Every structure is written in C-alpha cells, then in structure tokens.
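Novice: Residues per chain are reported as follows:
2 protein chains.
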Amino acid sequence: MNKYWSRRLDGIEGYTPGEQPQIPGLIKLNTNENPYDPSPKALAALASAATADMRLYPDPDVHALRDVLAETHGLAPDQIFVGNGSDEVLAFSFLAFFDAGRPLLFPDITYSFYPVYGDFFGIDYERVPLDADFQVPVSRFCRASGGVIFPNPNAPTGIALPLVDVERIVAADPDRVVIVDEAYVDFGADSAVGLIRRYPNVLVIQTLSKYRALAGLRLGWAMGDRGLVEALACVKNCINSYTIDRAAQAAAAAAVSDRAYYEETAQKIIATRERTAAALRSLNVHVLPSSANFLFAAPPDGRGEEVFQKLRERKILVRYFQKPRISRFLRITIGTDQEMDVLLTALKEILESPR
Amino acid sequence: MNKYWSRRLDGIEGYTPGEQPQIPGLIKLNTNENPYDPSPKALAALASAATADMRLYPDPDVHALRDVLAETHGLAPDQIFVGNGSDEVLAFSFLAFFDAGRPLLFPDITYSFYPVYGDFFGIDYERVPLDADFQVPVSRFCRASGGVIFPNPNAPTGIALPLVDVERIVAADPDRVVIVDEAYVDFGADSAVGLIRRYPNVLVIQTLSKYRALAGLRLGWAMGDRGLVEALACVKNCINSYTIDRAAQAAAAAAVSDRAYYEETAQKIIATRERTAAALRSLNVHVLPSSANFLFAAPPDGRGEEVFQKLRERKILVRYFQKPRISRFLRITIGTDQEMDVLLTALKEILESPR
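Keeping their order, the protein sequence lines are chains A and B. Using this note's numbering, read the first sequence as starting at 1 and increasing by one per residue. Using this note's numbering, read the second sequence as starting at 1 and increasing by one per residue.
Be aware that one or more of the hints could be misleading.
Partial list, computed: chain A residues near chain B (C-beta under 10 Å) [said to hold, decoys possible]: (1) Thr16; (2) Asp59; (3) Leu95; (4) Arg218; (5) Val235; (6) Arg246; (7) Pro300; (8) Arg303.
Anything over 12 Å on all C-beta distances counts as not near chain A; from chain B, calculated [stated by the list, open to error]: (9) Asp78; (10) Phe134; (11) Val138; (12) Leu163; (13) Arg168; (14) Ala171; (15) Val193; (16) Lys236; (17) Pro289; (18) Glu313; (19) Leu351; (20) Glu352.
Calculated from the structure, these hints are not laboratory results. Everything numeric in this text was worked out from a predicted model, so none of it was measured. Even for Gly, the Cβ is constructed at its ideal location relative to N, Cα and C.
So here's chain A without its partners, still in its complex pose (with noise of 0.2 Å):
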C-alpha cells in the first residue's frame, strides 16, 4: 500500500487462488481441476482458431457461442452472458445487482470470492451460518433482502441444494436477485436453469473449468432473464469491450457441442468420488455427501492440517482452509483412480503413524 492507491484498495485483500505450484510429479488435487483432459473436438477448435484472423478483435457479443450454449440449455441466445472465467460473471454481477444498504445474504461457509466482491465493491453482506451438519438453512434465506447467493453444490463442502429449496428461495422474496453459482452442478446436483422461465431474478452461473475441464481456457457464462443479462452486458462494455478471445470462443462453442464426451468423464469422476469416499470413510475420516468432483473430509482426532502438510511433503497437493468451523477439513479434488490410490496409501501411512 502506498499514497497512490485510491481509498477502494483501503484494508482489502483479494482472494487467494489455489496454488499452481511447479513440482515435478505433483499429485495436484487442490483446486478442482478435472483429472481427464478436454474434449479432443475443443482442442482441435482452439488449435484451429491459430490463423491470420487472430489481427481483428473477435465479437464483442459473442453471438456464436451463446447460440450454442442457448441451445443446450434450452434457452433464447439473449438470455445468456459469456464473461472470461467465471469469476469475472461473478464479480460483473455483484456490480450488477447488489448495493450498499441491504445485506447480500450468502452461506458462513461457502466460496471464499463472495466476501472479497462485496468487500472490493462496497456492498453489504450477511454470513447465514450453515447448520451443524453443513446443510444450507432453506427459511433463513428466504426473508427479505438485497440479494443472496451461493453454490449448488455448495463449496467447499460438495453438498448439493435440493432443486425445491432453490427454488424456495428464489421465489421468498421477487425483488431480489438470486444467484446460483453452478461451477460443480454436472457431478450430481440439479441444475436451477429451468426456474429461469418462471422466475425473473434468479441467475444461474456456470463454467468451463470442472466439468469441461478447460480451466485453462477462462470461460464461465450466466444464464437468466433477459432484464438481468443486460445489466451484466452493460457492467462489461463499463470495464472491457470485448473479453473473450477469438481461440477461447471457439474452443468453448466445441467443448459445450460435445456432450456424449463429458457425460462419460464425468460418470467416470462420479464413479472414483464414491470409492475415493467409502475408502476414506473405512479409515474413520469424516466425508461429507458429495455432489461436485471434490470430498470435503476431515481426518480423525483433528489431525486435519497436519495430514495436509504430510501429503505436502509426499507431492500430494488437497486444500486446507485455516478457517473457522472447518479447520479440520481438507479439500480434496478427484482425481484419476491412479492418483486417488496413491493418495489413499499415503493417508493410510499417516493415520497409521503417530503425530
């Protein structure tokens, strides 16, 4: 901090993303990426996006992948915001919908960018404290208020959202928006896209990064009426015109045509959660129900961070939060069986050891 920052900058940190650390042979299971790679069919458009062309801007709107997104979705193409990660449709919509005054309301556990956002934009907020068991409390977010958001599956816990209490809390109160934040919906919950019809606040915002497994890509996208995408497109053309790239746009209309491919990933990710948890769970760890391509899991007698730093040294990278209710927990994304027995084997080893 020095005399040049403006006052926003005034006792705000940013959000820490997962590292991306350079260590070869690294077990990399600490920040959701999927274990399998992309479809072949966005590889080979991203690869074949590599021409002359690459001189002019690409569409501002981008109008062709929204096409193909309205269509999988079974929505109309202006119903639909692309932004460059989903991150940045998430921060876009905060400016969007959300003021000072009335609290946002989202879960005390939950997506570590939520506070950050109204921190950085000076929105208020409120933390509705999940209940003992991590399950979101459904009639403490239906009062009235400025907002609420959270994700379905939740993160980092991985439990999912009955559609029905969506959709509570989505029609509790009209006057607000309600986000869902989809990133982990393809590994088993159900998706909020079809209260869109109904419903005139509620946004759903989903991406490339787990399920499509194109975290490196950056493409996430939002879905609502279209009252709510046009403020996120109005929000955009006030930071930067034209955010996605022509090779990203592309790639990302390809990956989203190519169903049949990740509906068998992800069956296949679906498949080692549920071994992964039932290992876990016969060597007394805590393994919360899962619905995302990650285990939300606390090792015996407390031993949480502890464990983490002990994978750390074994190249086994899972995520620790040093952070309140949940700091005997760790993260731990899904990765290949391969990987996901070598990290049972060294779990095992470590229990087994005394501390």
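With chain A's structure known, arrange chain B on it following the hints.
Specialist: For chain B alone, kept in the frame of chain A given last:
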C-alpha cells in the same frame, strides 16, 4: 433497466466499440486493426497450447510472459502487470489509483472509454480541451490533480506528445499517478517506459492489439513502479484471479519475442500512412499529423459524415464520431497499400460528385 439493476448502473452508458460487421468483401478500416498477419511464431505458440494441459488453471501471475515483457522493456518482472486486453488494464488502473474528490484530468478529445470508467466507478474527472490544432496543452495538465490519463499518440487524433512534455506532466505533481496509454506508440511516438526508473508515479500501458496484430487475443500490460503494479494485482485479485488463459499467455510471449517481424510490418504501415496522408491532402482533405496506425482526416466542406456513409455504401468502413469538435473528421485505419488505393479512389469519386 429494471428493478434488479444496481444503483451504480443508474444513467450509465457503456463504451460502444467500433462495429465488427460480417459483410463479405468489406474493407475494414474502423477499429485500427493491423492489416498484416500476426507473427507466425505467435500463431504457432497459440496452436501448440491446444494440449491436455488446458484442463489446468493458468499461472494466475503470468510469470513467463512477464519475464519476456520485462526483458523487452528493460524492466523487472515485478514492474509489469498483465491484463485481458489493455481495456481491462485501464479499468483496473482507474479502480487502483483514482477516487471521487479531486478530479482526474484527461483531454476533451481522447479515448472515449475514459469517461465511461470515471462515471461507472464514481471517479471525478475533468476534460481539458486540446488546443485548436488538437495539441495537448501541456501546462494545463501540470497543475495538481487527482491524476492524469492520456493516450500517446492521442486517439482519435493520432498526434504524438514529445517525451519531454510527457515528463513535464509526470514531474509536475509527484503525488498523483499519470497514466500514459501507449496503444499506438510503436508506430512513431516515443515511449515513456524510460521514465519509470525515475518516477514512481508514472504508469505506461501497452497492448498486443495494434502493433503486434493480435486484437483477437486480448492482451495488454501496464508498466510502472512496484507499488503501482501491486495495486493492480490487488484489484485483479478482487475481481478475477485468472484473467489470462494458457493459450494467450503462450502466444503473447512468442509475439513479444519476435521483434524483427513486427519492426518490419510497422515500417510498412508507416510508409503506407505517409503515402495515404499525402494523397488525402492532394484531395483537399485536412489530415492531422499521425504517429499511429490511423489517420484523422476531415474531408473538405464539412462533408465528413456524408463521406463516411458513402464509403460504407461502397463496403469501405471507417470510424465516424458524432461528437463536438471532431464531427468533420473520419478516423481511417491504415490498411494494406491495396486497401488504401481502393479507399482513395472511392474518396476521390465521392468528393468529385455533388452531395
């Protein structure tokens, strides 16, 4: 605008980028794209990035590219911030360095995104009129203020400010940040990068979109003292941790490294610009002295808007701004020699025919 929109969108109008129409046979001289291909090495790097590694997040801090940029500019990597196009870097800079209160100064005729950032982020600003011949009135930027931003060369005039004048503005008030937006600097102006060593309050912003013929890739960067770069990183980490995808990071590094290629294409563009300016003047068009890859040119007898429309009917697209002081002018991107010949022939015919 509907009831869900935040108060910060009240009365806000976003920036309108130049058209990107899909018209077969169009001669597109409206958004200052480079008429020559990007570096073949950059395109090869882009294609080579289409691997399974796209499933992994990119380096959020863009180290490899920052190393290349640092070497190119004679700076340290921590003096460089990279963003998703220089528009994003500009937006983040407004958030990082400027506040409500003492006004930010910029020219009255300048890049039209600056007032949009100011309005949207609640930053007070004051437009300082250019002289009658569209020169920057240097002394009027030397009084103390909340900050200064200007393009050099200026847009849409194309007129460059000598480095000694840039330094006067930077040195005049060491307590404010001065941003020099050098999108077009490589077509004939002097860069302010050399001032960074001596002035902790100067920030220089460049882009791949013009000189490096990669408008389709979305990449820009800021250069300045570490204290300024840290503020930009803080803003980024409050909005979007991973702004630059893997493919863009790789392609950009290759482009920046391929200096010889771009020096040659820039020389061609400069030669075409000078030839075109002379030809326009011979048609009684008033042409401002340009150090950019475009010409700002006023057809005789105030026929600017008419000529814009008639060129468009002939599938030649230039940029026209219906704005005070410049409504007589057209901004004409320098294309290939062949494209400029078509333009000149059309212009001659239009000017020789009655209105």
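Novice: Next, verify each hint and record whether it holds.
Specialist: Quick rundown of the hints versus the structure:
Because the beta carbon of A/Thr16 sits about 7 Å from the nearest beta carbon in chain B, less than 10 Å, this interface hint is met. Satisfaction of the interface hint for A/Asp59 is found here, the shortest Cβ-Cβ separation to chain B being roughly 6 Å, below the 10 Å cut-off. For A/Leu95, the suggested interface contact is upheld, since its CB lies about 7 Å from the closest CB of chain B, less than 10 Å. Restraint check, A/Arg218 versus chain B: the minimum CB separation of about 4 Å is within 10 Å; hint holds.
Interface hint at A/Val235: satisfied, since its Cβ lies 7 Å from the closest Cβ of chain B, which is below the 10 Å cut-off. At about 4 Å, the closest approach between the beta carbon of A/Arg246 and any beta carbon in chain B falls short of 10 Å, and the interface hint on this residue holds. Restraint check, A/Pro300 versus chain B: the minimum CB separation of about 31 Å is more than 10 Å; hint violated. Because the smallest distance between the Cβ of A/Arg303 and any Cβ of chain B comes to about 28 Å, over 10 Å, the interface hint for this residue is violated.
Listed as a non-interface residue, B/Asp78 keeps its Cβ farther than 12 Å from every Cβ of chain A; the least gap is roughly 14 Å. Its beta-carbon lying about 25 Å from the closest one in chain A, B/Phe134 satisfies the requirement of being farther than 12 Å from that chain. At the 12 Å boundary, the C-beta of B/Val138 stays outside the reach of chain A, the nearest C-beta of that chain being 22 Å off. Under the 12 Å C-beta cut-off, the non-interface status given to B/Leu163 relative to chain A holds; the minimum distance is some 22 Å.
Separation of B/Arg168 from chain A is adequate, the least Cβ-Cβ distance of about 19 Å exceeding the 12 Å criterion. The Cβ of B/Ala171 sits about 15 Å from the closest Cβ of chain A, beyond the 12 Å cut-off, so the non-interface label holds. With a minimum CB-CB distance of about 18 Å to chain A, B/Val193 clears the 12 Å threshold, and the non-interface call stands. For B/Lys236, the requirement that its beta carbon stay farther than 12 Å from each beta carbon of chain A is not met, with the minimum near 7 Å.
Once the 12 Å rule is applied to beta carbons, B/Pro289 is consistent with being away from chain A; the minimum gap is 26 Å. Non-interface status of B/Glu313 relative to chain A is upheld: no Cβ of that chain comes within 12 Å, the nearest being about 22 Å off. Look at B/Leu351: its CB is around 29 Å from the nearest CB on chain A, clear of 12 Å, so calling it non-interface holds up. At roughly 32 Å, the least C-beta separation between B/Glu352 and chain A is larger than 12 Å, which holds for a residue marked as non-interface.
In the structure shown, a violation is registered for the earlier hints numbered 7, 8 and 16, in ascending order.
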